[in-house]
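Given the sequences, and given the hints that come with them, work out the whole structure.
Residue numbers (my numbering), protein chains in the order written: chain Y, 262 to 705; chain G, 33 to 328; chain F, 958 to 1261.
If you are wondering where the hints come from, they were derived from the structure by calculation, not from laboratory data.
Given the structure is predicted, the values throughout are model-derived calculations rather than measurements.
Cβ atoms here follow ideal geometry from the backbone N, Cα and C, with glycine treated the same way.
Pairwise CB distance ranges, derived in the manner of DEER restraints: (1) Y:D502 to F:S1023: 20 to 30 angstroms; (2) G:G110 to Y:K624: 25 to 35 angstroms; (3) G:G110 to Y:D447: 34 to 44 angstroms; (4) G:A79 to Y:K653: 49 to 59 angstroms; (5) G:L73 to Y:A512: 56 to 66 angstroms.
Straight-line Cα separation of at most 20 angstroms, DMTMM-like style, residue types lysine to aspartate or glutamate; simulated pairs: (6) F:K1035 to F:E1117; (7) Y:K607 to G:D189; (8) Y:K553 to G:E95; (9) Y:K595 to Y:E377; (10) G:K241 to G:E219; (11) Y:K344 to G:D271; (12) Y:K443 to Y:D571; (13) Y:K418 to Y:D502; (14) Y:K442 to Y:D574; (15) G:K159 to F:E1258; (16) Y:K668 to Y:E702; (17) Y:K668 to F:D1001; (18) Y:K607 to G:D271; (19) Y:K609 to G:D271; (20) Y:K442 to Y:E649; (21) Y:K705 to F:D1016; (22) Y:K330 to Y:E314; (23) Y:K344 to G:D189; (24) Y:K418 to Y:D401; (25) Y:K609 to Y:D307; (26) Y:K705 to Y:E509; (27) Y:K624 to Y:E649; (28) Y:K553 to F:E1101; (29) Y:K624 to Y:D326; (30) Y:K424 to Y:D401; (31) Y:K330 to G:E117; (32) Y:K595 to Y:E417; (33) Y:K683 to F:D1115; (34) Y:K330 to G:D271; (35) Y:K595 to Y:D642; (36) Y:K683 to F:E1117; (37) Y:K505 to Y:E521; (38) G:K274 to Y:E314; (39) Y:K668 to F:D1016; (40) Y:K410 to Y:E628.
The residues making up each chain are set out below.
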Amino acid sequence: MAKMPSRAKRTLRISPLAAIAAATAFALASCSGTAAPGGSVAVPTDAGAVTGELNILVSSAKGSDAGFKAVNDAFAAKFPNVKVNFTSVPNENYNQARTSRLTAGSIDVGLAGPKELPSYVPAANMGDDARLAEAGGFVDLTDQAFMKKFTPSVLEKIAYKGKNYTVPTGLSYYSGLTYNKKIFADNGLTPPTTWDEFVTLCEALKAKGITPISIGGKDTAGIVMLSVVQSLYPTAQAKQDLAKSLYENSARLDDGKQLEVLQKVEQIYTYAQPNFAGSNYSQMTSEFLTGKAAMISDGTWNVGSLREADQVDFGYFPLPASNNAADNAFLGGKVELTLAVPSNAKNKPAAMAWLGVFADNYKAFNEKAGFAPAQVGVEGDPFYTEIEKYTKNFEPAWDTIWIPNTKAGQAANLPFNWTALKPMGQSDAQAAAVAAQKDWEAGK
Amino acid sequence: MTTAVPVAAPSLPPVESRPDTVVGRKRFTPLVVVSYVLMFLVIVVYAYPLVFLVNTALKSNTEFLVNPTGLVQAPQLGNFAAAWEQGSFSRYVLNSVLYTLVAASLGTVMSLMIGFPVARGYVKHPKVWQGVFAAMLFLPNTLVTVFQLALRMSLYDTALGYILIMASGVGLGPLLVAGYLNSIPREIDEAAAMDGAGYLRYMFTFLPKLMAPVLSTIFILQAIGVWNDIILATILFTDQAKWPVTLGLFAFKGTYTSEWSLLSAATLIVAAPLLLVYLFLQRYLVASVVGGAVKG
Amino acid sequence: MRSSNYIVFGQRWTAQLTFAIGISLVVLFSLIPAVGILVISFTDIRSLPYLPTSWVGIDNYLTFFSAAQIGYNLAALKNTFVFALAVTFFQNTIALLIAVLLNQRLKGRNFARAVVFLPTILGVTVIGLIFSLIFNPSAGPAAELWAAFGRSTAFFGDPELAMTLVIFVQVWAGIGVAVVIYLAGLQAIPPELYEVADIDGATSWQKLRYVTIPLLMPSVTANTLLCIIGSLQSYQLIYVLTGPSNPATQVLSLAIFTQGFGGAQGGTVQSQGYAAAISMVQFVIVAVISLATLAYLRRKETVL
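This is the structure in structure tokens:
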């Protein structure tokens, strides 16, 4: 009977594997690192000249998807020779989808958020987008005509080293509380402006058997922390000073105002519904809409849903965590989705044309998306007019300024350790702060 | 000289119809009663949460916001049609069917092709290969490198690439085949060989009949994996015309909130075909009597 | 005498050729990419255009084991073992009993089989939704049941109870596959053995113990292995039910996911090389445990 030479076969099996591994390594090492093309591209004016396919990738949300559809319709009317492939992907998958498409070179317009790294933060903490911006991976949009349509202060917030690589789609605020106007009126209450007033208000509601604040468990317990930080460090400068002093180890997480943050968060948790740690976003919203809770710790992105439900007449005010009313005057927020054009986009003229159409039809976009407008003179939902006094100065929220140190432990990620606070965790404010400081020091 | 195959006497009725109690006549022995009670319990434990799903699928978005856990007050049967529309399922359903059928079939065939020779020792170092089969179950997540491989082989954004990658995820297949083959004695191989069956003919015509339960199991498990895949499809496909049904579910998920009632309705739509396939394959999950396949 | 692997079908090369064809697809798309992961774990690759890649040696591994992260990762590891052991034990035993139950000729058993199998088809997000509704601490059926005992708890938010509940849901969701595999294995048991047992006067319990279980060992091996590997690697359900960074239910696979792949817009901070390195660490842990389990179970198989 025939026998295959076994030794040859065995070596035949192993060496291809090794060879391919080596080839992979070599190929990977040489794949990325090509220099980025420089220069900018002008928005084409001749509709007939813009052809081909346009690939757009954004993260999905009911409002913004509808808004983008309106923009796409307007674009198709103006530039009929372009085939638009619009894809929206849930947030949790967005990074992987974008990375793979960037590698394959198949995005023309996508989302990006390059965050400038302050000098005191080690370079290892630079995010993907900042690195791409440094390497010239995004087209410089600063001098484009359509950029002038957007509010200059917003553009300033999203610039990277003085240049604008991204186009804003709107703003949202989240350092406040959505409140039920009827419950407040029935109980003779008005939105508080200082911490003491706030505590009194919550105690009054609690005494009447109404849940003062409904918190949606892990989904919104962190927003409480951000709201408190907004009052204790009201300006962008104050926040940056805090970040700097933490990195330089001249401030500690377990004393002073930093500890105060956790203490106040702990106290606010006592005004929430029982067992709120097991609740979630939907349940929190439902308690608000059925009148069981007077306030919810939420962001303005929920305005559309609350309007649609039409159950409660609601308003919004900043959570006052300081006894100095001036500190609590403005809401902290962020710029929502920001659009960018990668440098390896295959159809730059179409991308530019599309962004021009976006800027021109921003009103139609925002009517569906429901953000606070990023263009001057565009009216958003009347809700935003109502809170105008809180948004006159745009204050960036803490999570848009803070850059975590990847070398530090997990408890110092935010770096305020609310996940350890009872009832989310098992510690009190002091213990949680000490744990955070310990993890922060480990990353020195 | 061949001996009669001592597996089953041909005169016995098939497993299905034989009573399972020692004394066949009484219908309601204590054992049977207990069995029915237990089965009822199992059904309740499984059906109750699923009722919740259907309950959610029937609510309008507002009703869900106001009352997430209660019984639906105003059932919206239109949710299913709306979910079908919003998820563009009509475009994607054919894609999913194609990918699932081809990839699962290919995977099942491959499991057989590599499990059989290893179980019988027809290739060198069967124990090592068994270890490799086990190792394949816990390989690290290879999305990053598979993507690079597909890109360089020009399989990016192609249905062929997707199917090949999905088919190669055989998972438990070879192990199940090898395990099951331990209970099919070599004498059956010999009997078939004596009758003039070659290796290929044996593997592709005789064995599937003998191994129907295990091959159906492997097929359905792989089919579920392919049908429910989201992540590979997301990173491999740019062209929306190639999208499988699961990516239609993206339409309901938001950054902060999702449209839970429509998502529930959509998930039921996506799950329905798989359930039908499973019910269809049920009859194959029951063994045909081994002895019936071979004449003594 | 013939050797045990004597091939009855004539030449060996047909077998080896078809084997090679089958295995080559698997090797190409499963094994080679896995080797690729090992390779990139020694780099700082970001898989993005315009960003260079360089070798960093074992830096990624050192970061994972660094003083800052090690406490967190060890706690996650402990949770992982508890989770894996509990899920494997309960899922396998209950699935075996259900499979034996549903293998009998009972009316409506096809319906029961379909219902038990449905969670497998549904997907993690929806199962997470269902159970977060059922275990809603303020208004769900579980809360009402708990109140009947005069107690109240945050269920998934309660650090003491969360792990138990997560194990329960994981077992609930995973039984379907195990039952299907056991059912297939039950069909392999020659019915004459039951006949012989009946003639010897065995009770149903004895039949289960001396005929069914020993002959089912290959399925037990497959299921246990699948379950152990699955519970050591799976994080999606835990992520949906209790969030990405809940210390009470943090398992290693989830810690790996959030450190390596999680991230809001703006891309990740850690490189994909780092993510690959920590995937390799997980691979080694899972490999050691799985191969040990496999060896143990295979020995049991032959003994029985």
